[in-house]
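Trainee: Fit chain B to the supplied structure of chain A, relying on the hints for placement.
Just so you know, the protein sequences line up as chains A and B, in that order. Under the numbering used here, the letters of the first sequence match residues 159 to 591, in that order. Under the numbering used here, the letters of the second sequence match residues 12 to 98, in that order.
Some hints here could point you the wrong way.
Unchecked claim - Keeping only pairs whose Cα atoms sit at most 25 Å apart, straight-line, the calculated SDA-like set for lysine to any residue is:
1. A:K571 to B:E77
2. B:K21 to B:E77
3. A:K571 to B:R32
4. A:K571 to A:S520
5. B:K21 to A:V561
6. A:K571 to B:L74
Just so you know, the hints here were simulated from the structure itself, not pulled from any lab data.
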Amino acid sequence: MTTPLFYVDNTPYSQDDCDRIVSPLVGSGPFQNPASCRLAVCLQDTAHWLALCLWLKPLGASVLPIHPGTPLQAAQTLAKDTGCSHLLFGDNLRDAAPEALEALTNPAKGNGGELIQLSSGTTGKPKTIARSWRDIDRELTAYVDHFTEAQPLTPVVACPVTHSYGLICGVLAALERGATPHVVTNLNPRFILSQLRSVPEHLLYASPTLVSLLIRILPPSETLHTVMLSGAPLPAPVLNQLRDRCQRLCQQYGCSEAGCVALTPDVTKPGLLGTPLPHVSLDAGTSAEQPDDVLITIKGSGQQINTRDLGYFDAHGQLHFLARTDDTINVAGINVYPGAVEDVYLRYPGIREAVAYKQADSFAGERVCLRFVADAVLDIDQLKQWSREHLSPHQVPAFIEQVETIPRLPNGKVSRRLLSEAPAHTLAAEVPA
Amino acid sequence: MSANRHAAIKAVLQQHLPNARLSAFAGSARLNADLAIDSIMLLQLIVHLELEHGFNLPEETLLTQELETVDDLARLLVANDQKEPSL
Numbered sequence: 159m160t161t162p163l164f165y166v167d168n169t170p171y172s173q174d175d176c177d178r179i180v181s182p183l184v185g186s187g188p189f190q191n192p193a194s195c196r197l198a199v200c201l202q203d204t205a206h207w208l209a210l211c212l213w214l215k216p217l218g219a220s221v222l223p224i225h226p227g228t229p230l231q232a233a234q235t236l237a238k239d240t241g242c243s244h245l246l247f248g249d250n251l252r253d254a255a256p257e258a259l260e261a262l263t264n265p266a267k268g269n270g271g272e273l274i275q276l277s278s279g280t281t282g283k284p285k286t287i288a289r290s291w292r293d294i295d296r297e298l299t300a301y302v303d304h305f306t307e308a309q310p311l312t313p314v315v316a317c318p319v320t321h322s323y324g325l326i327c328g329v330l331a332a333l334e335r336g337a338t339p340h341v342v343t344n345l346n347p348r349f350i351l352s353q354l355r356s357v358p359e360h361l362l363y364a365s366p367t368l369v370s371l372l373i374r375i376l377p378p379s380e381t382l383h384t385v386m387l388s389g390a391p392l393p394a395p396v397l398n399q400l401r402d403r404c405q406r407l408c409q410q411y412g413c414s415e416a417g418c419v420a421l422t423p424d425v426t427k428p429g430l431l432g433t434p435l436p437h438v439s440l441d442a443g444t445s446a447e448q449p450d451d452v453l454i455t456i457k458g459s460g461q462q463i464n465t466r467d468l469g470y471f472d473a474h475g476q477l478h479f480l481a482r483t484d485d486t487i488n489v490a491g492i493n494v495y496p497g498a499v500e501d502v503y504l505r506y507p508g509i510r511e512a513v514a515y516k517q518a519d520s521f522a523g524e525r526v527c528l529r530f531v532a533d534a535v536l537d538i539d540q541l542k543q544w545s546r547e548h549l550s551p552h553q554v555p556a557f558i559e560q561v562e563t564i565p566r567l568p569n570g571k572v573s574r575r576l577l578s579e580a581p582a583h584t585l586a587a588e589v590p591a
Numbered sequence: 012m013s014a015n016r017h018a019a020i021k022a023v024l025q026q027h028l029p030n031a032r033l034s035a036f037a038g039s040a041r042l043n044a045d046l047a048i049d050s051i052m053l054l055q056l057i058v059h060l061e062l063e064h065g066f067n068l069p070e071e072t073l074l075t076q077e078l079e080t081v082d083d084l085a086r087l088l089v090a091n092d093q094k095e096p097s098l
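Chain A extracted, bound-state conformation:
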């Protein structure tokens, strides 16, 4: 019995198992010349996807992973839109045969192969982002060198491994440091807890929503070991709740084009993103009072990316996030960051969710608006009075509304831009009573 390379749920997979999984494909069809193949993959069986990915990466093939559960027609469209020559669709590699596609675009051949991703984009149509495996290898080296706290830990990956976060930071980084990642596809919360208990020194990769749900059913006597957060920084009360139930809470920050660019092994306050990884250089503001767009320069290629996130470096060289640049509210020349306003309201008894967004105002330029969800109907006048006592004058919302639910995009994110653009009464009408 050879040592496992990775686990999927309770099943170990060794290199031999992976070789066996991909054997039906070796030397056939597009795999006669893997370096010139651009393949879309949508497989239900996560172990088969990982075995395929690990086989194709060193061969220099280009791959577009598609989230399992995507319908065939949607997968075909994604594959064609991103210039793939073939689609592998099915339960696993025993059943799926590569289907040749008429590509709509003829992308420039990536040197040494690429990982093709679709950025989630909170603005509109998803964007195709292709990163060379060589860039990804540089990120992996940088990630492992930077994140030394992960060295003795076993990653438990309870997020999709068809996306960069789970695939690169979860699975590939684990393999890079010689660890055995445990990929969890059965999202039954008790099952995930049992997986975490089976590897006491775990490093959990999961969405903040999943982590919050897990700690609610975690017995009071137990804590999680190490948890990684990514994406938009959490509101203060949620962050503090998580910090109480984990031995170590980390936060990483990045984008689809550059991967992870900053990381802190100890997120002590909302918005803290940590120090930059060595494969990039970052520019941002110089203090909380003088923030600026976070600009990423990838050292290998020189590629520059404006994240449209507003941030700054503190005196210790730690990067802090303030807001999406587009969400920042300019009230008579003073910047108001939605997160700062929301954190104050989340301390008000009964308020469960709060979103601050902007609305144009002919006098002030922009004004702060607030929409919140609470356990009971709250007295808005009383809340307004409280607001004046707890916020600086330009932060006080011009408009406050209690709603049943805050509309979210299909990816679960709140779009402050959409809230800003839709008149209040349309939004209220969309909310089911």
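Mentor: Just chain B now, with coordinates in the frame of chain A:
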């Protein structure tokens, strides 16, 4: 007992998941196709059933194949009495 479970599921949807299509609620209703419950909402549903209604999904239960309808979920739920081993 089963009526209890159905009532608990419905109560959680009503109270915590306003985006679910409650008007289509029935034992045979499919969680995703009929009630518009996605994977994160399903997790929320399970956690609320455990915390507020005393039912849980045992850890060996798979969330994928065998769980399609409200009846499936009700059948898989067990009462929260047996203690979990902890580490």
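Trainee: Output the numbers, in ascending order, of every earlier hint that fails for this structure.
Mentor: As far as the earlier hints go, 1, 4 are violated by this structure, in ascending order.
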